[in-house]
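> Chain order of the listed sequences is A and B.
All the letters of the first sequence, read from the start, carry residue numbers 1 to 80 under this note's numbering.
All the letters of the second sequence, read from the start, carry residue numbers 1 to 236 under this note's numbering.
Honestly, the hints are just simulated from the structure, not real lab data.
Incorrect hints may appear among the rest.
DSSO-like cross-link-like pairs, simulated, lysine-lysine; straight-line CA separation at most 30 Å [as the list claims (entries may be wrong)]: (1) B:K158 / A:K11; (2) A:K2 / A:K64; (3) A:K40 / A:K10; (4) A:K64 / A:K11; (5) A:K10 / B:K158; (6) A:K64 / B:K158; (7) B:K34 / A:K40; (8) A:K64 / B:K34; (9) A:K10 / A:K64.
Pair by pair, the computed Cβ-Cβ distance ranges are [said to hold, decoys possible]: (10) A:K34 / B:T174: 25 to 33 Å; (11) B:Q228 / A:K34: 54 to 62 Å; (12) B:D122 / A:K2: 51 to 59 Å.
Note that beta-carbon positions come from the ideal geometry of N, C-alpha and C, so glycine has one too.
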Amino acid sequence: MKARIIVTPKKAVVDPQGKTVQNALEHMGYQGVKAVHVGKYLEIELESTDRETARRQLEEAAHKFLSNPVIEDYKLEIVD
Amino acid sequence: MNVAVLQFPASNCDQDAVHAIRRLGHSARFVWHKEHSLGDADAVIIPGGFSYGDYLRCGAIARFSPVMQAVRQFADNGGLVLGVCNGFQVLTEAGLLPGALVRNRDLQFHCEHVFLKTLNRDTPFTRRIPSDRPLRIPIAHGEGCYFADPETLERLQKNNQVLWQYCDASGNVTDAANPNGSLLNIAGICNETRNVAGLMPHPERACEAALGSSDGNFIFESMIEALQNKAVARAA
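The task is simple: from the sequences and hints, build the whole structure.
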């Protein structure tokens with residue numbers, strides 16, 4: 001079993017990296033890019049097969065450690 | 001004063017911090033991140049650097065180290081804790097100071113002298129800072145842009161917890177003098193109880209004339225004086 005966690009900057013936080021990537025895309029001729037948000041992707045391999053326990057533990061870890069709720073949001077997904 | 005200077009893997013201003021304290025005639029020693037106790041320390045300095053490689057987020061891993069549990073307890077008991085640069089990031093990650101430090105708005109690493117306006121001189125970290133001119137102290141960081149939600153910023157201002165703002169040589173707080181995009185030009189703050197403070201600039205790199213400025217000493221001397229007054233009050 002695997003977990004995927006995507007961490008992105010909160011909308012209220014200035015994201016100069018996203019803005020720079022957006023500008024670069026525009027310079028390269030890609031049109032119609034409204035916004036870019038650069039975040040992080042974590043893939044966590046789990047020994048357990050108990051989805052609910054895994055989810056509960058990872059939600060806690062994501063809130064406490066893997067993301068910083070002051071500046072980031074996260075999405076957690078458990079996959080087989 | 002007996003200062004504990006924390007050492008994490010990839011701390012790199014630890015030696016400087018110890019040097020700055022010792023040259024003021026006080027004792028300082030290193031405390032390794034795996035230690036569970038701060039011993040008989042009167043104050044703690046969390047130095048700059050790139051603790052644990054700044055992996056995940058700056059300060060995110062250091063915050064869970066054994067020594068930080070001791071620092072939390074020390075701070076809860078009213079002990080003086082100063083976080084410099086990465087140390088400031090560690091303190092925000094630990095929740096001992098509000099807000100967070102994010103990537104500089106221009107994505108550049110800034111290594112330069114800046115000027116700082118001191119907003120509150122009634123704290124153990126600022127009481128000796130002169131009021132007639134701004135401090136001149138260097139910064140060296142890529143992620144020093146202070147962020148907090150509007151309610152937190154309002155609370156910081158209301159409680160006079162903003163200790164330092166980036167300003168120009170004349171003391172004017174302007175956007176041009178803001179090196180990293182910090183909200184309200186914030187360079188350093190303290191907690192509500194005034195015993196924990198953090199700042200991005202490096203006072204230990206401005207502790208003698210040979211370094212181009214000795215303004216950083218005002219911060220260390222403030223801490224020394226605050227502790228001496230506390231000791232006198234205890235003895236009386």
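> Hints first: check each against the structure and report whether it holds.
Quick rundown of the hints versus the structure:
Only pairs whose Cα atoms come within 30 Å are accepted, and K158 (chain B) paired with K11 (chain A) is accepted, the gap being roughly 25 Å. Simply put, K2 (chain A) and K64 (chain A) have alpha-carbon atoms about 20 Å apart, close enough for the 30 Å limit, and the pair holds. Our distance criterion of 30 Å between C-alpha atoms is met by K40 (chain A) and K10 (chain A), whose separation comes to about 13 Å. The hinted pair formed by K64 (chain A) and K11 (chain A) meets the criterion: a straight-line CA distance of about 20 Å does not exceed 30 Å.
The straight-line distance between the Cα atoms of K10 (chain A) and K158 (chain B) is roughly 25 Å, inside the 30 Å bound, and the hint therefore holds. Pair hint K64 (chain A) plus K158 (chain B) holds up; C-alpha atoms about 28 Å apart against a cutoff of 30 Å. Note on K34 (chain B) and K40 (chain A): the hinted pairing holds, with a Cα-Cα distance of about 28 Å set against a maximum of 30 Å. For the hint linking K64 (chain A) to K34 (chain B), the alpha-carbon distance of about 21 Å falls within 30 Å, and the restraint holds.
Restraint check for K10 (chain A) and K64 (chain A): the C-alpha separation of about 16 Å stays at or below 30 Å, so the hint holds. For K34 (chain A) paired with T174 (chain B), a C-beta distance near 32 Å keeps the hint of 25 to 33 Å intact. Between Q228 (chain B) and K34 (chain A) the CB atoms are about 58 Å apart, so this pair conforms to the stated range of 54 to 62 Å. For D122 (chain B) paired with K2 (chain A), a C-beta distance near 53 Å keeps the hint of 51 to 59 Å intact.
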